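> Here is how the chains run, residue by residue.
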Amino acid sequence: MSIFTAHSVAEPSSLSKTIGGIVVATYAVIAILPLVWILLTGFKTPTDSISYPPKIISEPSVEGYVNLFTTRSRQTPEFLASLPPPQTWYERLVRSRNMVIAGPSKVVPRFINSIVIGFGSTFLAVCLGTIAAYAFSRFRVPLADDLLFFILSTRMMPPIAVAIPIYLMFRNLGLTDTKLGMILLYTAVNVSLAVWLLKGFMDEIPREYEEAAMVDGYTRLQAFFKVVLPQATTGIAATAIFCLIFAWNEYAFAVLLTSGDAQTMPPFIPFIIGEGGQDWPAVAAATTLFFLPILLFTILLRRHLLRGITFGAVRK
Amino acid sequence: MSTLAERAVARTPRRLAFRLGGLSDRAIAWLFITPSVLLLLAINIFPLLWTIQLSFTNYRANRPNAALRYVGLDNYRDILSDPDVWHAMQATAHFVLWSIVLEMLLGFGLALLINRRFRGHSFWTTVILLPMMLSPAVVGNFWTFLLQPQIGLFNSAVALFTGADPSSFQMIGDVALAPWSIIMVDTWMWTPYVMLICLAGLRSIPDYIYEAAEVDRASPWRQFWSITLPMVMPFLMLAILFRAIENFKMFDMVNLLTSGGPGSTTEVASITLKREAFEKWRTGYSSALAIILFVTVFGAANIYVRALDRVKQR
Chain H
0 MSIFTAHSVA EPSSLSKTIG GIVVATYAVI AILPLVWILL TGFKTPTDSI SYPPKIISEP
60 SVEGYVNLFT TRSRQTPEFL ASLPPPQTWY ERLVRSRNMV IAGPSKVVPR FINSIVIGFG
120 STFLAVCLGT IAAYAFSRFR VPLADDLLFF ILSTRMMPPI AVAIPIYLMF RNLGLTDTKL
180 GMILLYTAVN VSLAVWLLKG FMDEIPREYE EAAMVDGYTR LQAFFKVVLP QATTGIAATA
240 IFCLIFAWNE YAFAVLLTSG DAQTMPPFIP FIIGEGGQDW PAVAAATTLF FLPILLFTIL
300 LRRHLLRGIT FGAVRK
Chain W
0 MSTLAERAVA RTPRRLAFRL GGLSDRAIAW LFITPSVLLL LAINIFPLLW TIQLSFTNYR
60 ANRPNAALRY VGLDNYRDIL SDPDVWHAMQ ATAHFVLWSI VLEMLLGFGL ALLINRRFRG
120 HSFWTTVILL PMMLSPAVVG NFWTFLLQPQ IGLFNSAVAL FTGADPSSFQ MIGDVALAPW
180 SIIMVDTWMW TPYVMLICLA GLRSIPDYIY EAAEVDRASP WRQFWSITLP MVMPFLMLAI
240 LFRAIENFKM FDMVNLLTSG GPGSTTEVAS ITLKREAFEK WRTGYSSALA IILFVTVFGA
300 ANIYVRALDR VKQR
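In order, the protein sequences belong to chains H and W. Note that the first sequence covers residues 0 to 315 in numbering that gives the first Met the number 0. Note that the second sequence covers residues 0 to 313 in numbering that gives the first Met the number 0.
The hints are simulated quantities; they were obtained by calculation from the structure and are not laboratory data. There could be a bad hint or two in this list.
Stated by the list, open to error - Residues of chain H clear of chain W, computed beta-carbon distances all greater than 12 Å: (1) Ile37; (2) Ile114; (3) Phe148; (4) Thr263.
Stated by the list, open to error - Just the calculated beta-carbon pair ranges, DEER-fashion: (5) W/Ala175 <-> H/Tyr51: 21 to 27 Å; (6) H/Ser57 <-> W/Asn64: 55 to 61 Å; (7) H/Arg301 <-> W/Gly172: 35 to 41 Å; (8) W/Ala92 <-> H/Thr75: 52 to 58 Å; (9) H/Asp260 <-> W/Pro229: 35 to 41 Å; (10) W/Gln89 <-> H/Ala143: 50 to 56 Å; (11) H/Leu228 <-> W/Leu40: 23 to 29 Å.
Said to hold, decoys possible - Per the computed footprint, the stretches of chain W lying under chain H, defined by three or more beta-carbons under 8 Å from a beta-carbon of chain H, are: (12) 34-48; (13) 267-274.
Since we're looking at a predicted model, the values are computed, not measured. Just so it is clear, CB atoms sit at the ideal spot from N, CA and C, and this is done for glycine as well.
Generate coordinates for the entire structure from the input sequences, incorporating the hints supplied.
Listed below in structure tokens is the structure:
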């Protein structure tokens, strides 16, 4: 490269940069608007949330969050008057709507299910994927390309198409609506992504490192655990986050194979209902809480995003 | 498959110098690949084979004790002559085609602009990426709220710019608009995906090519058609491949946004499959449909991967 590179002809003019910036920022603002709207709706009262025309500014309220975490029942004013005064701020809020809190809602167990199934399947998929990727990366496996394509192709199957026999299989094995069943299922779906991504990361670690370690007296296994794994930490972490996001977001299997004990958040959220249809502030509150971890992960993953969404095909 | 792993092990070169104890390389390769392959066999391949078997029967999962009868290719014949299935295929094709066209135009356009590297471009890129990371089901669910006539944000926003009455149209309930509402939400969600891949393509083009073109006094227009587009093409093809496969089997977002309605206007293939399998409980019939869908996706993906290689070689 010449010394002119800094001012090369490929550098766009400042006017075209400004125009580009304005257009991109406009798109970004429009694209993010639905998400901002969800965030705002979570802090509206049910009445404000369905007002016509839609209210941009409204009295902030945490009623949506209170409704999300509780089940309530409507009572007569006489009954409410006979009750002792409310103990907590959220009881007071519910009382002001002529209702009493009947108990906690199912959102906490559902959230825990999402966490347990998400982390469980991610852990297994990454463990299996790491060792398989190492084998594909370091040993000459015959038909390796075919085997890798086979692994990838399992992910191309429409979930609903495999759901039928998996449903039957789970029914026979007693795995329907169990966390174990969902963990195994998501592990199987994620292992293909994990193998593909991790093979890319492993290929980038020079063989010489572990060979040097083995010359120094390490066995192959010791070299794998003490030399290769530490080198692959970033790749493993990025892969884990991708697996976690998949399990976190998955809906098709969850809605067909779980109904209660193992239900995760995505099939649960649409069924958060209040009196007369969906309780939109509570749905918005659940959606916001559900999206927050993803927001964090997206920021953490930025450098590896491209690799993850293309199964490692584009590395940059 | 274990024989494959064994052969894998057998051909692994013996690194005599490094076999100073512990497990041999063969054993390790065997040990490392088998668990993943076994899991995939149990949870992907075994169910696939089972689906193939069921597709030749009249089995109904809600009547497990009824007599099982093999019906040969009847299920396949019924599917191919079923107007509902053809309708679902058309709805799917419409959805796949238009969502890809819009995502390509918007995604490539945005990538071109972001590639100008204006100040703050990486911040805006992250903001744009967000919709793609979210759960399609939850996205579909909250878009039903945004698309409500009157109370929804979308109708009011359209009303603001066009002056139309916000209650005069409804995106989800209208036969003509519903197919476009699923395309719109999909485009909102997945344009960032195409953008990100195109951006990688643009950044892979070395500056000196443009410098050479500048020396030859090629116009910006000419530079775009002769350098930028051909060089980004493999990346664009890759994005098309992934989006086409994903949208062909689209279920979650559409199921929650329109659940196939109104009537069956947005009933894409996966929704038909769910209805046949888990509402009408025609397990045999829906297994055959599942196999047809899988073969279609798989075949398209295969052809496409080969086309992609050809583009890359050029």
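> Against this structure, judge whether each hint is valid.
Hints versus structure:
The beta carbon of H/Ile37 sits about 5 Å from the closest Cβ of chain W, which is not more than 12 Å, so the claim that it is off the interface is violated. The Cβ of H/Ile114 lies farther than 12 Å from every Cβ of chain W, with a closest approach of about 14 Å, so its non-interface assignment holds. Not every CB of chain W lies more than 12 Å from the CB of H/Phe148, the least distance being 9 Å, so the non-interface label is violated. Its closest Cβ contact with chain W, about 10 Å, brings H/Thr263 to no more than 12 Å, contrary to its assignment away from the interface.
For the pair W/Ala175 and H/Tyr51, the supplied restraint of 21 to 27 Å holds, since their beta-carbon distance comes to about 24 Å. Taking the beta carbon of each, H/Ser57 and W/Asn64 are about 57 Å apart, inside 55 to 61 Å as hinted. Between H/Arg301 and W/Gly172 the beta carbon distance is about 39 Å. The supplied range of 35 to 41 Å therefore holds. At about 57 Å, the beta-carbon gap between W/Ala92 and H/Thr75 stays in the expected band of 52 to 58 Å.
Distance hint for H/Asp260 and W/Pro229: a CB-CB separation of about 55 Å, inconsistent with the stated range 35 to 41 Å. The beta-carbon spacing between W/Gln89 and H/Ala143, approximately 40 Å, falls outside the hinted interval of 50 to 56 Å. Between H/Leu228 and W/Leu40 the CB atoms are about 26 Å apart, so this pair conforms to the stated range of 23 to 29 Å. Figure legend: the segment 34-48 of chain W, annotated as covered by chain H; annotation consistent (12 residues with Cβ-Cβ distances under 8 Å, at least 3 required).
Closer than 8 Å: that is the beta-carbon criterion, and the segment 267-274 of chain W has 4 residues meeting it against chain H, so the requirement of 3 holds.
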